[in-house]
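A.B. asks: Here the structure of chain X is known, so what remains is to put chain H in place on it, guided by the hints.
Residue strings, one per chain:
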Amino acid sequence: MAELVGALGIPHNPFTALAIARGEQAAAESRRLYGELASALQQMRADTLVVFTTDHYNLFFELSVPIFAIGVAAASSGPSDYPMLPQFEVAIDGELAAEIQCSVVAEGFDLGRSQEFALDHTILAPLGVIAPQMEVAIVPVWISTSMRPVPSAARCHALGAAFGRAIAASALERRVAVAGSGAFSFEVGGPRMSEESHVGVPAPDWATRVSELLAVGDVAQLVAEATPEQLAAAGNASGELLNWIAMLGSFEARPASFVATQRAEGHAYAAWQLG
Amino acid sequence: MSIFAVDKVCRRVVIDPGFVAALREDADAALRAARPPLSERERVLLLAGDVGTLGRMGANFFLLHQLGRLELFGLTLSLYAQRIRAEYAAERAQWAAEQEGG
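Residue numbers (our numbering), protein chains in the order written: chain X, 4 to 278; chain H, 315 to 416.
Just so you know, not all the hints are guaranteed correct.
Reference excerpt, derived from the structure (chain X facing chain H, CB under 7 Å, subset only) [as the list claims (entries may be wrong)]: (1) Phe64; (2) Glu65; (3) Val191; (4) Gly193; (5) Met196; (6) His201.
Please keep in mind that the hints were generated in silico from the structure rather than gathered at the bench.
All values derive from a computational prediction rather than experimental measurement.
Every residue gets a Cβ at the ideal spot worked out from N, C-alpha and C, and that includes glycine.
Next comes chain X alone, as it looks inside the complex (with noise of 0.2 Å):
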């Protein structure tokens, strides 16, 4: 039976990932910060981790573009909109993503599947600092969290607790993680920018708001202050925390094991361990 053992929350800036490759000094307390999140997955022994994560226009760029898809292959590779940053060649565990979708559908949740895919930095950026031998298999899910109109926060918490019972529900031998993917505050090229960067941080307060309901378990609190009013004021990648949402709702609602905050850099990092 697959088992759910533990839950990750991840910032996924690929400056800061090449940074860390660099070995730049600039980067300490960031790499400190994803080691914690290393320890953690390696603490969860984890077989398969389903990322809940977003298109940077990639994959779907406008063309195509479903509210909820996940990935079904056996493999892919990546960061494909970084290429300066280590390349890496993972495993999809496509046998798990196809329950997964049946039963999620069957939920009453439209999820697309995506057959043949890149990984963009949002997910191969943070896993290469904190599983660089890339040991645990990959379940890529993509919601549109930047393009609007962005589904809710109930709707991507429900979506996460239909997840959460698929896994529960699976024959397969699997121990599984969850991730979500993404800042809490953050403009890209946009008018929120900062005055010395084309990016920003428009909503300091926000993100720390958010950290510390990761911290005390509130979730539902959480879900309750995301509206869309709120992420938009936050700047225009903060939809992300909806990754973030998805992810907190594959299990019952608890305070973080670990969590720290950037309030600079509008993110955080946490986990949760359930096994």
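C.D. replies: Chain H alone, transformed into the frame defined by chain X:
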């Protein structure tokens, strides 16, 4: 409504080195050949690197900033950011005031 054509140009500069080379050689010709076709105004704004106006017209900022990253149409990332800030100066001032007011 063809702002999608602008987004597609911004997407192609990331994944299509041949398109980037064509833009560097003869930007006007490369844009005229782009499909779906750009409107006359979109083509002129791209050639001018007027990302502020293109953003105001609805271009996707995730994609638009790639023009600065690839240093096309006279842009750099710094100049890109400067032009977006200038175009949205009024909104930025309002957001800053709202934050200060709590």
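A.B. asks: Evaluate each hint against the coordinates.
C.D. replies: Verification of the hints:
| no. | hint | result |
| --- | --- | --- |
| 1 | Phe64 | holds, 6 Å |
| 2 | Glu65 | holds, 6 Å |
| 3 | Val191 | holds, 5 Å |
| 4 | Gly193 | holds, 4 Å |
| 5 | Met196 | holds, 6 Å |
| 6 | His201 | holds, 4 Å |
When held up to the earlier numbered hints, the structure conflicts with none and fits them all.
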